[in-house]
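Asker: From first to last, the protein sequence lines are chains A and B.
When the letters of the first sequence are read in order and numbered with the numbering used here, they come out as residues 1 to 530.
When the letters of the second sequence are read in order and numbered with the numbering used here, they come out as residues 1 to 38.
Possibly wrong hints are sitting among the right ones.
[Stated by the list, open to error] Far from chain B by the CB rule (all over 10 Å, computed), these chain A residues:
1. Trp76
2. Leu216
3. Ala237
4. Val286
5. Leu347
6. Leu372
7. Leu381
8. Gly459
9. Phe464
10. Ala472
11. Phe488
[As the list claims (entries may be wrong)] Now the in silico label distances, taken between C-beta atoms and shown as ranges:
12. A:Trp340 with B:Gly22: 32 to 38 Å
13. A:Gly377 with B:Gly22: 47 to 53 Å
14. A:Leu522 with B:Trp8: 40 to 46 Å
15. A:Gly474 with B:Ile17: 41 to 47 Å
16. B:Val24 with A:Ile219: 43 to 49 Å
17. A:Val210 with B:Gly22: 47 to 53 Å
Just so you know, these hints were derived from the structure itself, not from any lab.
Just so it is clear, CB atoms sit at the ideal spot from N, CA and C, and this is done for glycine as well.
If you want the building blocks of each chain, they are given just below.
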Amino acid sequence: MNIPILSAVVIIFLGIMTGLMYLGSRKTKTDSDFLVAGRSMHPWVMALSYGAAFISTSAIVGFGGAAGLFGFSLLWLTVLTIVVGIFIAFALFGPRIRRMSCNLGSETFPSFLGARYQSSALTAYAGLLIFLLMPAYTGAILIGGGRFLHDALGIPYTTGLLLFAVIIAVYVMRGGLRGVMYTDAFFAVVMLLGMATLLFATYRAVGGVVPGHSGLSAIGNLVPAALIEQGHRGWTAMPAFGSRIWWTVISTMVLGVGIGVLAQPQLTMRFMTIKQPRSLYQAILVGGIFIFFMTGTAFIVGPLSNLYFYQTQGKIAIQVAEGNIDRIIPIFVTQIMPEWFLYFFMLTLLSAAISTLSSLIHVQGTAFARDLVENLGINKLLPGASTRFWAKLGILFSIISAVTLAFILPPGIIARATAFWFGICAAAFLPTLVAALYWPAATKAGALASTITGSIVSGFGYIFLQEQGAVAVGLVSRLLGRTTLLPFPWTHIEPLIYALPAATIVLVAVSLLTQRPMAKHLEDTFKKVA
Amino acid sequence: MLGMQDLWISAAWLLSIGSAVGCVIYGAFHWHYENEEE
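Produce the entire structure from the sequences given, and follow the hints as far as they go.
Answerer: Here it is as structure tokens:
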């Protein structure tokens, strides 16, 4: 790539981003503007912002590369992200979150749960989970961004990572959620154009839809023996039921992310920003198209790259990428697309990284301000300080911890940290959130017990049972001299699979045994909720 | 079907596109309905 042209493209891109951030900052006059964009966002801007915050470079490069290795079975995650992540989230969760958060006066995800269950302990616990564990996911996305700046622009990795962190911290602090959502919408359009172009170009490169699939089916005999042993049956077939690859694809990738999306604080809080609850129904149009072209493209292009590489070089994707699945998509794009598109694809990945990072940083800052400092009365130490002051301080803390973790975390952590965060969120928050919206009899004790159970059981699973997590932490090998506490299949089952049912059972059981919330509180909470 | 080895994969491919089209139709219907009301 031509560095002067590339630099000019990036400068124009950053100029547009700065302009939108400035527009957001000019309209940010109150705490409500900073926290929930004044609850006045257009549904389409909200849908684009939701999509851009959801899809990071990890989803495109990391999971797209995994599809290059495992095959089309990841398309079940596309189905789930559209049906669950868009349709169910926007039609069944969003309108109630918007209406009830307004009734309760809540402006963050933890404070919404706490107000619904009348529990400041639940607010503090959820805020603490976000503030302490989200930096691991943020750090992983930051690693992806730093690596990408290094590969694309030749900027040294450390400089790129710090540059990324400073730009994002400054623009989230200045623009608040309005600035974040305006820029997200711009990023989403860039991502949509980049990924849609790539999808059509890929099918053209392999001779069309059915010929491409048939060609890929025909080279199924090229799957390496080591992968066949683990259950791989070709790129156009599901892995063998119950095999190692089957558990990895279905439990970690498809269910972990596909269900985890419903309980992501940075996504669910976007429903609070909309002007009219019912306008979320039309936002499904934009959300469905966006998510299809993001995950659908990544999980179609990844497998088909095997056919293209075989036809042009006689090798399959993982061999061309020299064993590193994160390199499959970038190498493939470089080989099939004209040079002008490479600049655009670079902006697509840059957009994906910045939009996700800014959303995560904003949520951590607001969790620090509203759910920890103000909820626990720490703000009395500085009586004159506004919520925005504490939120900016929280943003500063969270960007520092994310950068620190980015230097500590091992390589190859991006997809794993993503699955870890999505899994923890689903187990800790999903039963509590569903009950908050649809089960008035759920109690304060039930919600708190469920959130604690979900986070502890999934944490235990990541540290002691799941092989990838247990090996990374290394506690089991130090204590027992082996990699995990239990043998296969526990080593390949995502902790969400047992932590989510455990948290649900605890929520129902404890709620049935404890006192129902006051009728007046429920009446106020569910006012105007259909 | 569709050149895939496995019907489960053909189903996933079709459902991916089908669910996206479903979202477009559902969203467009509500968009039209809201505009009519206003």
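Asker: Determine for every hint whether it applies to the structure shown.
Answerer: Here is what the structure says about each hint:
Its closest Cβ contact with chain B, about 5 Å, brings A:Trp76 to no more than 10 Å, contrary to its assignment away from the interface. Against the 10 Å criterion, A:Leu216 falls within the reach of chain B, whose nearest CB is about 8 Å from its own CB. A Cβ of chain B approaches the Cβ of A:Ala237 within 10 Å, the least distance being about 4 Å, so the stated non-interface status is violated. Against chain B, the non-interface label of A:Val286 is violated: not every CB pair exceeds 10 Å, the least being about 7 Å.
At the 10 Å boundary, the C-beta of A:Leu347 stays outside the reach of chain B, the nearest C-beta of that chain being 24 Å off. The beta carbon of A:Leu372 sits about 37 Å from the closest Cβ of chain B, which is more than 10 Å, so the claim that it is off the interface holds. The claim that A:Leu381 is not at the interface with chain B holds, since no C-beta of that chain comes within 10 Å of its own (minimum 47 Å). The Cβ of A:Gly459 lies farther than 10 Å from every Cβ of chain B, with a closest approach of about 31 Å, so its non-interface assignment holds.
No beta-carbon of chain B comes within 10 Å of the beta-carbon of A:Phe464; the shortest separation is about 32 Å. Residue placement check: A:Ala472 keeps its beta carbon more than 10 Å from all beta carbons of chain B (closest about 30 Å). Remark: the non-interface label on A:Phe488 is consistent with the geometry, its nearest Cβ contact in chain B lying 23 Å away (cut-off 10 Å). Distance hint check for A:Trp340 and B:Gly22: the Cβ-Cβ separation is about 34 Å, which falls inside the suggested range of 32 to 38 Å.
The given range of 47 to 53 Å is respected by A:Gly377 and B:Gly22, whose C-beta atoms sit roughly 48 Å from each other. At roughly 44 Å, the beta carbons of A:Leu522 and B:Trp8 sit within the given window of 40 to 46 Å. Distance hint check: the CB atoms of A:Gly474 and B:Ile17 are about 44 Å apart, consistent with the given range 41 to 47 Å. A beta carbon spacing of about 34 Å between B:Val24 and A:Ile219 contradicts the range 43 to 49 Å that was offered as a hint.
Taken as a hint, the range 47 to 53 Å is violated for the pair A:Val210 and B:Gly22, whose Cβ atoms sit roughly 23 Å apart.
Checked against the numbered hints given earlier, this structure breaks hints 1, 2, 3, 4, 16 and 17; the rest are met.
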